[in-house]
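> Going down the list, the sequences are from chains A and B.
Residues 2 to 159, numbered by the numbering used here, are exactly what the first sequence covers, in order.
Residues 2 to 159, numbered by the numbering used here, are exactly what the second sequence covers, in order.
In short, the hints are calculated from the structure, not lab data.
Any given hint could turn out to be false.
Same chains, same label: a pair holds when it works inside one copy or across any pair of copies.
Think about it this way: if two alpha-carbon atoms lie no more than 25 Å apart in a straight line, the pair counts; the simulated BS3-like pairs of lysine-lysine are [to be verified]:
1) Lys49 - Lys72
2) Lys72 - Lys122
3) Lys49 - Lys122
4) Lys72 - Lys54
5) Lys89 - Lys122
Protein chains: 2
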Amino acid sequence: MTGLLELHRERVQPGWVDYNNHLNDAYYMVIFSNATTTLMEHIGLGEKDRLAKGHSLFTLEVHLNYLREIKGGMETRVETQILGHDQKRLHVFHFLYAEDSPELRATNEQMLVNIDMSGPKSAPFLPEVLAKIEAIEAGQVGLPRPANAGRAIGLPRK
Amino acid sequence: MTGLLELHRERVQPGWVDYNNHLNDAYYMVIFSNATTTLMEHIGLGEKDRLAKGHSLFTLEVHLNYLREIKGGMETRVETQILGHDQKRLHVFHFLYAEDSPELRATNEQMLVNIDMSGPKSAPFLPEVLAKIEAIEAGQVGLPRPANAGRAIGLPRK
Numbered sequence: 002m003t004g005l006l007e008l009h010r011e012r013v014q015p016g017w018v019d020y021n022n023h024l025n026d027a028y029y030m031v032i033f034s035n036a037t038t039t040l041m042e043h044i045g046l047g048e049k050d051r052l053a054k055g056h057s058l059f060t061l062e063v064h065l066n067y068l069r070e071i072k073g074g075m076e077t078r079v080e081t082q083i084l085g086h087d088q089k090r091l092h093v094f095h096f097l098y099a100e101d102s103p104e105l106r107a108t109n110e111q112m113l114v115n116i117d118m119s120g121p122k123s124a125p126f127l128p129e130v131l132a133k134i135e136a137i138e139a140g141q142v143g144l145p146r147p148a149n150a151g152r153a154i155g156l157p158r159k
Numbered sequence: 002m003t004g005l006l007e008l009h010r011e012r013v014q015p016g017w018v019d020y021n022n023h024l025n026d027a028y029y030m031v032i033f034s035n036a037t038t039t040l041m042e043h044i045g046l047g048e049k050d051r052l053a054k055g056h057s058l059f060t061l062e063v064h065l066n067y068l069r070e071i072k073g074g075m076e077t078r079v080e081t082q083i084l085g086h087d088q089k090r091l092h093v094f095h096f097l098y099a100e101d102s103p104e105l106r107a108t109n110e111q112m113l114v115n116i117d118m119s120g121p122k123s124a125p126f127l128p129e130v131l132a133k134i135e136a137i138e139a140g141q142v143g144l145p146r147p148a149n150a151g152r153a154i155g156l157p158r159k
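Produce the entire structure from the sequences given, and follow the hints as far as they go.
Have a look at this one:
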C-alpha cells in the first residue's frame, strides 16, 4: 500500500488573508483547486497532456469543511485520497495541513468529470489515465473512508 | 414576502480565469465568499460592526455545485436565501448568475457560526443581528427549498 498521495505544497500568498492575517475561506479552495491541478498532472492530464490528448477534468461539485485557521505566509501541504471513479467521473478527497503540524486544517471533497475538449463534452477517461487512477486506488485500498466524506450541510431538525 | 435577497454584484477579474477564459472553480467561491461579506454588512456584522461590537461570522462548511461556465469580464450577481438559523449558526444559500442571463451558473450552501472575537469563541448572535436574520426569514417564508441544498457528494453505489 502506498497510502495517501503527497503531491502538493503551496505557500499562503499575501492577498489571500483577511484583516486578522488568517487565510480567507475562499482561498482554502484555491489551494485545493491547485492540488487537483497537481493530481491531474500526476494522472496524465496536465497542461501538456490536455494540448496533446484533448482531454481535461471539469469540477462538478465540491464540499469543504473548515477546521482550523491558517496564517499568512504558512506553507500548506495537501494529502490526497481517491474515493472512487466510474467511466468518466473521479471522486477525490483532499486533506489540508500547514507547516509541520499534524493538525488537520480543512478537508475538501470533489467530484470531477472527464471532458473531451473537442466538444466540449463528457467522455470516458483515456485508457492511460484510467490505468493511473486504478494504480492509485490499488495503493489506497486499506485506507479508511474520510470522516467528512459524503457530508451534507444542515442544522439539526427542530 | 420580499423573496431572495439581491445584495451582491461583482465582475470577474482577469486573474480568476483559466487558459480558456473561464472562471476557475476556486474563484466561484471567492465570489460567494464576497456575497457573504455583503450579507454580513446587511445584518449588522460588517467591518465597522465587527470593530464596534466585537462579533463576526466564521465559515464552518460550504458546498458548491458548478452548473455552467462564466467568462472573464462578465458581471456576476448573487441572490441569497437564508435556510435557517439557531442561537449561533446561520445556514445560507447563494444562487450565482452572470450578465442578464436567467441561467443559473452555480449554487453555494454555507454554514456559518457567530464568533465573539474577544475569545475568539462561538457565541449567540447579538439581539439586533438576530432581529435582522429573522426579518429576512419572515420575508422568505414562501420560497421553495433550493434543489441543491443538503446535497452529499458521491458516485452511485455499485
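> All hints are to be evaluated individually against the structure, with a verdict given for each.
Do the hints match the structure? See the list:
no.: 1; hint: Lys49 - Lys72; result: between (34 Å within a copy, 23 Å between copies)
no.: 2; hint: Lys72 - Lys122; result: between (40 Å within a copy, 18 Å between copies)
no.: 3; hint: Lys49 - Lys122; result: within (19 Å within a copy, 47 Å between copies)
no.: 4; hint: Lys72 - Lys54; result: between (39 Å within a copy, 24 Å between copies)
no.: 5; hint: Lys89 - Lys122; result: within (11 Å within a copy, 44 Å between copies)
Against the hints set out earlier in the document, no violation occurs for any number.
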